[in-house]
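Peer 1: Protein chains in written order, with the numbering used here: chain A, 1 to 213; chain B, 214 to 456; chain C, 457 to 661.
Don't read these hints as lab results, they were simulated from the structure. It is possible that part of the hints are untrue.
Stated by the list, open to error - Reference excerpt, derived from the structure (chain C facing chain A, CB under 10 Å, subset only):
hint: 1; residue: V563
hint: 2; residue: I564
hint: 3; residue: P566
hint: 4; residue: H567
hint: 5; residue: A571
hint: 6; residue: R619
hint: 7; residue: P646
hint: 8; residue: S647
hint: 9; residue: W648
hint: 10; residue: Q649
hint: 11; residue: P653
As the list claims (entries may be wrong) - For lysine to aspartate or glutamate, the following EDC-like pairs were computed, each having C-alpha atoms within a straight-line distance of at most 16 Å:
hint: 12; chain 1: B; residue 1: K266; chain 2: C; residue 2: E522
hint: 13; chain 1: B; residue 1: K448; chain 2: B; residue 2: E304
hint: 14; chain 1: C; residue 1: K620; chain 2: C; residue 2: D609
hint: 15; chain 1: B; residue 1: K266; chain 2: C; residue 2: E534
hint: 16; chain 1: B; residue 1: K351; chain 2: B; residue 2: D449
hint: 17; chain 1: B; residue 1: K351; chain 2: C; residue 2: E522
hint: 18; chain 1: B; residue 1: K351; chain 2: C; residue 2: D618
Said to hold, decoys possible - A few chain B positions that, by computed beta-carbon distances, are all more than 10 Å from chain C:
hint: 19; residue: I269
hint: 20; residue: I334
hint: 21; residue: M342
hint: 22; residue: L346
hint: 23; residue: G391
hint: 24; residue: R445
In this text, all values refer to a predicted model and were calculated from it rather than measured experimentally. Every residue gets a Cβ at the ideal spot worked out from N, C-alpha and C, and that includes glycine.
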Amino acid sequence: MTQHTSYGEVHGPRAGEISRRGFMRRMLGIGTGILSLQFLGGTIAFLWPNVTEGLGAEITLGTAEDINSAAPDWAQGLPYIYNPARLFVVNVPAGKARVAQESGGAVEAEASLPVPDPGEDVLALWRKCPHLGCQVPQLCEFSQWFECLCHGSQYTILGEYRAGPAPRGMDRFPMRLDGDVYIVDTREVESGPPPGTVTFDDREPGDMQHCAG
Amino acid sequence: MSDGSGNRMTRWLKESTVWRSLFRHGVPRDRRTRVMAVMSNVFLHLHPVAVRKSGIRLSFTWCMGGLTFFLFLAEVVSGVLLMFYYRPVIEYAYQDIQDLRAHVTLGILREIHRWGAHAMIISIWLHMMRVFLTGSYKPPREFNWIVGVFLLVLTMLLSFTGYLLPWDQLAIWAITVGTQMALYAPLAGPESSFLILGGIEIGQGTLLRFYVAHVVLFPLVTAILLIVHFWRIRKDGGISGPV
Amino acid sequence: MTIEKRPNATADKNAPTQAPSEAPLAAPGAGPKLPGPPGVPGTERFRLLAYVKQESMVRVDKRPDETVLTWPHLLRAEFVMLMLMTALLVVVSAFIRAPLEEMANPVITPHVAKAPWYFLGLQELLSYFNATVAGVLVIPVYLGGLMLIPFIDRTPYRAARDRKLMWVFFLCLMIGGLIITFIGSFFRGPSWQWVWPWEGLFFTL
Chain A
1 MTQHTSYGEV HGPRAGEISR RGFMRRMLGI GTGILSLQFL GGTIAFLWPN VTEGLGAEIT
61 LGTAEDINSA APDWAQGLPY IYNPARLFVV NVPAGKARVA QESGGAVEAE ASLPVPDPGE
121 DVLALWRKCP HLGCQVPQLC EFSQWFECLC HGSQYTILGE YRAGPAPRGM DRFPMRLDGD
181 VYIVDTREVE SGPPPGTVTF DDREPGDMQH CAG
Chain B
214 MSDGSGNRMT RWLKESTVWR SLFRHGVPRD RRTRVMAVMS NVFLHLHPVA VRKSGIRLSF
274 TWCMGGLTFF LFLAEVVSGV LLMFYYRPVI EYAYQDIQDL RAHVTLGILR EIHRWGAHAM
334 IISIWLHMMR VFLTGSYKPP REFNWIVGVF LLVLTMLLSF TGYLLPWDQL AIWAITVGTQ
394 MALYAPLAGP ESSFLILGGI EIGQGTLLRF YVAHVVLFPL VTAILLIVHF WRIRKDGGIS
454 GPV
Chain C
457 MTIEKRPNAT ADKNAPTQAP SEAPLAAPGA GPKLPGPPGV PGTERFRLLA YVKQESMVRV
517 DKRPDETVLT WPHLLRAEFV MLMLMTALLV VVSAFIRAPL EEMANPVITP HVAKAPWYFL
577 GLQELLSYFN ATVAGVLVIP VYLGGLMLIP FIDRTPYRAA RDRKLMWVFF LCLMIGGLII
637 TFIGSFFRGP SWQWVWPWEG LFFTL
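Model the full assembly from the supplied sequences, consistent with the hints where possible.
Peer 2: Here is the structure:
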């Protein structure tokens, strides 16, 4: 401790205490940090897209009858292509029956064709390939699989991964029945099932002819 | 006007206050005025007044850094000109690009912009090769190497965002594949895709986002990093020469 | 190198003050030793200014690099390159059209969907590995690795002969990248199947 004539006694902060200057400096730093974070958060929040129609919103598909009249093959198991949201609307019982019929007995299914109203058993598969985003075409007529022509990924009619470079099965959206009207909620994408998920159609890629790959 | 009066005019002009406020030194013919020319001009002042002879040999520098910078400037100029004709709206964008070719005088500007962009990626890559092979990232230039890597990434981002703007099949599918690949990186989930694309998939939101990023955001960041890059070259001892 | 330390501090301290009063240097050896004319034996005095390590001694023999003025030497080179590049760009642009396909249609996927060419190496890699592995490995490791180069290679040498390992490593990386980019660009067709360039070129700049 030093004695100064003009300033009196000068002493630093006691042990375990912080000096006023140090406190101010730290507060300034913390304040700047908070401000930067707020700026960053605000920017991201501002740029966050709020989708109100089309893909990213709730989409009303209509009743089973509406779909049947738009796509007569739906009851025969052929997935209905809903273009505004790039969806395959799969009539699951009819689809399974179709695959069983086309595979010549290699796959078994409970229902038999046609199934005009599958009730709750409908799947909304997103046609964007989880590999690199190409559009997955309609079922391949030989294999009864979805086969992406870009890079050769292959999926069953339930969108389960079978072959190719994709990391998982086809992504999908939750589907619900409001009365008898089908509504797809495209606000949140459900990731496809991981490779190795086999709930139906366990044929190997080598078993049949393909459209791609 | 006779010769005499012409000379008098020139002399009068050169002795006027206006002229002398613009040009502080004579024609750069001797050593002193040449040094002055580089020192007193803000753009030429990017350079030191003298450089190592071995450092500017073509076989050593490959001229690639300078060429990349020149291509950046060429992209800025041609890009600003293209902006006068292009609307980032999915109904118009494709038509605008077609019109650029068919109805605009000197309609090769889009070509200049596109080929220039490809050339820039090649030249920045060669520049990086040269800097590595000559060991020019060694202390004290480590930081500048990192700035350079950022500039490489930005160059690719600039090219990538520009790729979407013609809004043709080539553009949207290349960008679909490209963004999907980028999302394989760790920590990049569907949320970041949603933010980048301005929606669940490529559409109007994406076009506008890519446009703004392409014409304002990335060029600005690139320009700032270029300033840092050039400043650091000077501060770290000028352009590196052979050992 | 021989360095003689000065004998003692007092002699040195006295030297400048005594010098004017003493007789001029006509008689060397008389009085304290003063700095004498070079070459006259017995008159030099040495002082340790700095200790120079052996390995940096090489620099002493080397003549400083020859410098030239920026104006005109560097500026001329830059100007010529600028002109050449401009000419090349204009000529290429006048003769080669930028590609433009049909208007974008998210419903129709072309049979060949490729990223811009500088990402085709990455796309090729993604087709070999499990996507997550490749994504995790390639992008961060490649970029992070590039940024870390100055901190990995800590040797002070810059000449190629002193950095053989780094050269080989870096060139392998770069040439490897070039090769897979090349494969992705020219040897891949629909369904990302192998296609020889003469069977069909699926590449657009």
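Peer 1: A separate judgement is required for each hint: does it hold in the structure or not?
Peer 2: For each hint, the structure was consulted:
1. Below 10 Å, beta-carbon pairs count as interface contacts, and V563 of chain C has one with chain A at about 6 Å; its hint therefore holds.
2. Satisfaction of the interface hint for I564 of chain C is found here, the shortest Cβ-Cβ separation to chain A being roughly 7 Å, below the 10 Å cut-off.
3. With a least beta-carbon distance of about 8 Å to chain A, the hint placing P566 of chain C at the interface is held under the 10 Å criterion.
4. Hint status for H567 of chain C relative to chain A: holds, with the closest Cβ pair at about 5 Å, below 10 Å.
5. Contact between A571 of chain C and chain A, as hinted, is supported at the beta carbon level, the nearest pair being about 8 Å apart and thus within 10 Å.
6. The closest approach between the C-beta of R619 of chain C and any C-beta of chain A is roughly 38 Å, which is over the 10 Å cut-off, so the hint fails.
7. Look at P646 of chain C: its Cβ gets to within about 6 Å of chain A, closer than 10 Å, so that hint holds up.
8. Taken as an interface hint, S647 of chain C checks out: its beta carbon lies about 4 Å from the nearest beta carbon of chain A, inside 10 Å.
9. Look at W648 of chain C: its Cβ gets to within about 4 Å of chain A, closer than 10 Å, so that hint holds up.
10. Because the beta carbon of Q649 of chain C sits about 7 Å from the nearest beta carbon in chain A, less than 10 Å, this interface hint is met.
11. For the restraint placing P653 of chain C at the interface with chain A, the shortest Cβ-Cβ distance is roughly 19 Å, beyond the 10 Å limit, so the hint is violated.
12. Proposed proximity of K266 of chain B and E522 of chain C is supported: the alpha carbons are some 6 Å apart, at most 16 Å.
13. The suggested pairing of K448 of chain B with E304 of chain B is violated, with an alpha-carbon distance near 50 Å, which exceeds 16 Å.
14. For the hint linking K620 of chain C to D609 of chain C, the alpha-carbon distance of about 12 Å falls within 16 Å, and the restraint holds.
15. Our distance criterion of 16 Å between C-alpha atoms is met by K266 of chain B and E534 of chain C, whose separation comes to about 14 Å.
16. Proximity of K351 of chain B to D449 of chain B is assessed by CA-CA distance (about 10 Å); at most 16 Å being required, the pair is judged to hold.
17. For the hint linking K351 of chain B to E522 of chain C, the alpha-carbon distance of about 22 Å lies beyond 16 Å, and the restraint is violated.
18. Between K351 of chain B and D618 of chain C the CA atoms are separated by roughly 13 Å; this keeps the pair inside 16 Å, and the hint holds.
19. The Cβ of I269 of chain B does not lie farther than 10 Å from every Cβ of chain C; its closest approach is about 5 Å, which violates its non-interface assignment.
20. Residue-level check failed: I334 of chain B sits 6 Å from the nearest beta carbon of chain C, not beyond 10 Å.
21. Residue placement check: M342 of chain B does not keep its beta carbon more than 10 Å from all beta carbons of chain C (closest about 6 Å).
22. Chain C draws L346 of chain B into its interface by the beta-carbon criterion, the shortest separation being 7 Å against a cut-off of 10 Å.
23. For G391 of chain B, the condition that its CB be more than 10 Å from all CB atoms of chain C is violated, with the nearest at approximately 4 Å.
24. Every CB of chain C is more than 10 Å from the CB of R445 of chain B (nearest about 13 Å), matching its label as outside the interface.
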